[in-house]
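Chain A is fixed; fit chains B and C onto it per the hints.
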Amino acid sequence: MSGILRKRIVPLVAALAVSFGLTGCWDIVEVNQLAIINMIGIDRNPDTGNLIVYYQAINPTGIIAQQRSDGKAPVYTFKFEKSSPAAFEEAAAGIMPRKLFPDHFQAIVVSRRLAEEGLLDIFNYNENKNNRRSNVDVFITNSPISEVMNTYVPMEKLPGRSIRSTLEMQPKFTGRASQDAQLRDVLEHLESPELTVVPLIRVDKRNTPNVNRLEDIRGNIGNLMLVGGALFRKDRMIGELDTERVKLFLTLKGESRNIYKELKIDGHNLSIRAENIRVKRKLTLKDGTPNLKLTIRSDLALLMQNMGLDLNVETMNRINQKFEQQLTDEIVRLMEEGKSKGWDLLGVAGDIQRKRGSEWKDAKRDEEIWRHTKLGIEVVCKVRTLGTMAHPYKGE
Amino acid sequence: MERATISQWQFFIITLNFTLGTTFFIRPGVLIATAKQDAWIVPWWVGAAGLATAWMWLNLYRLHPGRSIIQICTSTAGKAVGGFFALLYAFFFIQITAWVTRNLGDFMKTTLMPETPISVFHLMFLVIAAYAACKGVETIARVNESLTLLLGFTFVMVVLFSLTEWEWKRFEPALQMDFWKTVKDTRSLYGFPYMEMISLAMLFPYVKGNPGKSLLPGIAAATGLLSLIIFFTIGILGVYRASHLIYPLYIIAEELRAAPFIEHVEAAIAVVWLSSLFLKLSIAFYCSTIALCDLFGLKNRSRIALPLVFLVSGLAITIMENNVVNAQWDMRYTFTYFSLFGVVFPVVLLVWTGVRNRFIPGHKEGAS
Amino acid sequence: MIIRYSICSVLAMAAWLVYIVSRKSPPRDIAVSAAIALLGFVVWLSIVAGWDWNLSTWIAWIIDRTGL
Numbered sequence: 001m002s003g004i005l006r007k008r009i010v011p012l013v014a015a016l017a018v019s020f021g022l023t024g025c026w027d028i029v030e031v032n033q034l035a036i037i038n039m040i041g042i043d044r045n046p047d048t049g050n051l052i053v054y055y056q057a058i059n060p061t062g063i064i065a066q067q068r069s070d071g072k073a074p075v076y077t078f079k080f081e082k083s084s085p086a087a088f089e090e091a092a093a094g095i096m097p098r099k100l101f102p103d104h105f106q107a108i109v110v111s112r113r114l115a116e117e118g119l120l121d122i123f124n125y126n127e128n129k130n131n132r133r134s135n136v137d138v139f140i141t142n143s144p145i146s147e148v149m150n151t152y153v154p155m156e157k158l159p160g161r162s163i164r165s166t167l168e169m170q171p172k173f174t175g176r177a178s179q180d181a182q183l184r185d186v187l188e189h190l191e192s193p194e195l196t197v198v199p200l201i202r203v204d205k206r207n208t209p210n211v212n213r214l215e216d217i218r219g220n221i222g223n224l225m226l227v228g229g230a231l232f233r234k235d236r237m238i239g240e241l242d243t244e245r246v247k248l249f250l251t252l253k254g255e256s257r258n259i260y261k262e263l264k265i266d267g268h269n270l271s272i273r274a275e276n277i278r279v280k281r282k283l284t285l286k287d288g289t290p291n292l293k294l295t296i297r298s299d300l301a302l303l304m305q306n307m308g309l310d311l312n313v314e315t316m317n318r319i320n321q322k323f324e325q326q327l328t329d330e331i332v333r334l335m336e337e338g339k340s341k342g343w344d345l346l347g348v349a350g351d352i353q354r355k356r357g358s359e360w361k362d363a364k365r366d367e368e369i370w371r372h373t374k375l376g377i378e379v380v381c382k383v384r385t386l387g388t389m390a391h392p393y394k395g396e
Numbered sequence: 001m002e003r004a005t006i007s008q009w010q011f012f013i014i015t016l017n018f019t020l021g022t023t024f025f026i027r028p029g030v031l032i033a034t035a036k037q038d039a040w041i042v043p044w045w046v047g048a049a050g051l052a053t054a055w056m057w058l059n060l061y062r063l064h065p066g067r068s069i070i071q072i073c074t075s076t077a078g079k080a081v082g083g084f085f086a087l088l089y090a091f092f093f094i095q096i097t098a099w100v101t102r103n104l105g106d107f108m109k110t111t112l113m114p115e116t117p118i119s120v121f122h123l124m125f126l127v128i129a130a131y132a133a134c135k136g137v138e139t140i141a142r143v144n145e146s147l148t149l150l151l152g153f154t155f156v157m158v159v160l161f162s163l164t165e166w167e168w169k170r171f172e173p174a175l176q177m178d179f180w181k182t183v184k185d186t187r188s189l190y191g192f193p194y195m196e197m198i199s200l201a202m203l204f205p206y207v208k209g210n211p212g213k214s215l216l217p218g219i220a221a222a223t224g225l226l227s228l229i230i231f232f233t234i235g236i237l238g239v240y241r242a243s244h245l246i247y248p249l250y251i252i253a254e255e256l257r258a259a260p261f262i263e264h265v266e267a268a269i270a271v272v273w274l275s276s277l278f279l280k281l282s283i284a285f286y287c288s289t290i291a292l293c294d295l296f297g298l299k300n301r302s303r304i305a306l307p308l309v310f311l312v313s314g315l316a317i318t319i320m321e322n323n324v325v326n327a328q329w330d331m332r333y334t335f336t337y338f339s340l341f342g343v344v345f346p347v348v349l350l351v352w353t354g355v356r357n358r359f360i361p362g363h364k365e366g367a368s
Numbered sequence: 001m002i003i004r005y006s007i008c009s010v011l012a013m014a015a016w017l018v019y020i021v022s023r024k025s026p027p028r029d030i031a032v033s034a035a036i037a038l039l040g041f042v043v044w045l046s047i048v049a050g051w052d053w054n055l056s057t058w059i060a061w062i063i064d065r066t067g068l
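Chains as they are written, first to last, in the working numbering: chain A, 1 to 396; chain B, 1 to 368; chain C, 1 to 68.
Treat the hints as calculated values from the structure; they're not laboratory data. Here the structure is a predicted model, which means the values were calculated and not measured.
Residues of chain B clear of chain C, computed beta-carbon distances all greater than 12 Å:
1) 34
2) 41
3) 79
4) 112
5) 136
6) 139
7) 143
8) 167
9) 174
10) 208
11) 257
12) 262
13) 355
14) 358
Okay, derived cross-link-like pairs now, DSS-like style, lysine-lysine, Cα gap no bigger than 27 Å in a straight line:
15) A/7 x B/299
16) B/169 x A/355
17) A/129 x B/109
18) A/286 x A/364
19) A/361 x B/184
20) B/169 x A/282
21) B/135 x C/24
22) A/99 x B/109
Here a beta-carbon is modelled for each residue, glycine too, at the ideal position from N, C-alpha and C.
Chain A extracted, bound-state conformation (with noise of 0.2 Å):
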């Protein structure tokens, strides 16, 4: 028996002694303690100087309510004013009868202002974290961040997931914007001289704060919308493109792979959509200039015409011909513009610093040599997809 003892119940009560040890006592969380935060708004106050961070916190009987329609508030917004983001967690515990959990947050809204200050000391905060969310999308907002941050939005109840959501669609579907538009993706930048293109938002018309809001049927009113993008050299916001050089500074990143095209024929509409684009970049070095070859190809959809002529393959190659065209045109165009602001929008000082061999020394050490580069653009597109038509209505 006292053999049994030693061998068998001394080591189970000492594994359960041990057990005593309770590491979950010191770090316990339990979640009806919690503050869940699901978007965090950041801006500056000019006067003062201190941040102004907004942390967006779920109410939990509000999103239970909201599926019964009782009409309570599934998300409460405290603002906090300091002069380091560390001192964030301190303030809520003063006002917040929750504790602070800002692990699972889905979104983080940053004001324009704030961008083009310039952000390292957030992100050097944020990546130091023990709990710390680096792949979260970040958005810039024009609109002021207190109503981005105290509009409710309708079908989706969370209003940081709402717009995540909106996000992720946008690849598949338009073009609009990347899913490497997270925080890390900003990070991975700061020193090197690529551009990051951060999605650009705004509250439609203005934002409606009261839960009521959610019974109105109009659903853009108050609503979070995508409205172009924010550029970014390393942390600091240097402008703003629309939707459409968002979607062609994406496609010739190689991060849209699908885009929506408008093209003007004979004075006829069509909506074509774009898909599977691959690009291929070549950079070389002649006479001490860098030369980009771009060759584009790209499967395209009809959507609709309303050119009144039948599908035939003359008519698929005036489209793949006009698709050409306004493509190598737009880029020349986008090439144009970056280089009038001093924005290296084709990535070209990315791709000179990742080439390797002694000629690429010079090209390195000069910062600006990308402003020389002589591009060669080749577009290869077919129509793949027609829809269900063989041949258009012509109201005759």
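For chains B and C alone, coordinates are given in the frame of chain A:
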């Protein structure tokens, strides 16, 4: 010495886990900061040097079959001088145990449980490691076998789900490092983990057959895996971010997204990876225990296991101030200090054995 | 704090020694066990008392002095 036998396969797994245990957590960030996009090549030449050194240890063992490194010291150089070498080795093994314990505590405190006092982690893991040491090398070997499969599976899953973030351009421009400068700057990798493996010389007498048949392939496999881990870290995280992070592999697990609703699973993955740290700790603790037993001729390991927990848990706190100080110490002293035990002392013992065998008539080391 | 720690540690070590003596361990085992426990006690005392020492710093000092 206990009557135990471990198979070649078990010793191979022990070597693999001991080499990779803390290395795959801590080393990638440092190596990527030094060698940038070519960091995945660094383990290859360091591993080759590690293999050569291990081959030297095996030659020493061949001259003293059936003896651990502690027993080799005392039998070769006598009780006084040999005993001094053996004491240094025992102290070194205890220090390695303390280092592994501290790495484990630091990881838990930095990433998962910041409010918990670090000593709680140290004591809890050490008590289990002490229990494992009391149970013996066969138990440790079997636990190694069973947990390694789970570790491998988890790692493969993390890499597969993270491949959506892969970009080949993160490796450009390739092969641009200044070779000799990189060799000099990454020499600490030779010390930790390759020279730490002298601890495994304590287990040579338990291996069935020639331990070299599993030690050398184990080191080679660990080198390959380490290179692969660094390769994946560069491809998924990129040089810039990985070089700024202490635990880049943990960050990959943190940012993993298997499906819209399966994300932020780093806690579950880290718990599995912690077992790798624990396996290394149990091996290191066992080696420390039997080193002391061999040195002082003790009969029962369990008599010193618990006091050793007390000592190691204290040393783990005092061994380094913080990660920054440790990183600087590592750059400057790891290569020198670890090479003393991994290269210098074994070479001295080899030469001493050779001299004795040659010049002292009738003296030749035979089977124990 | 130091006194509380010392009393608890000494009691624990004494209990451990009583245990291993009662198991009829050889004197050598008891001596080594006691020595390691004493070392551990000193290390923990230094932590509790807040003595600023570091094993790695000592090793670094030795390596620097010997010029390795």
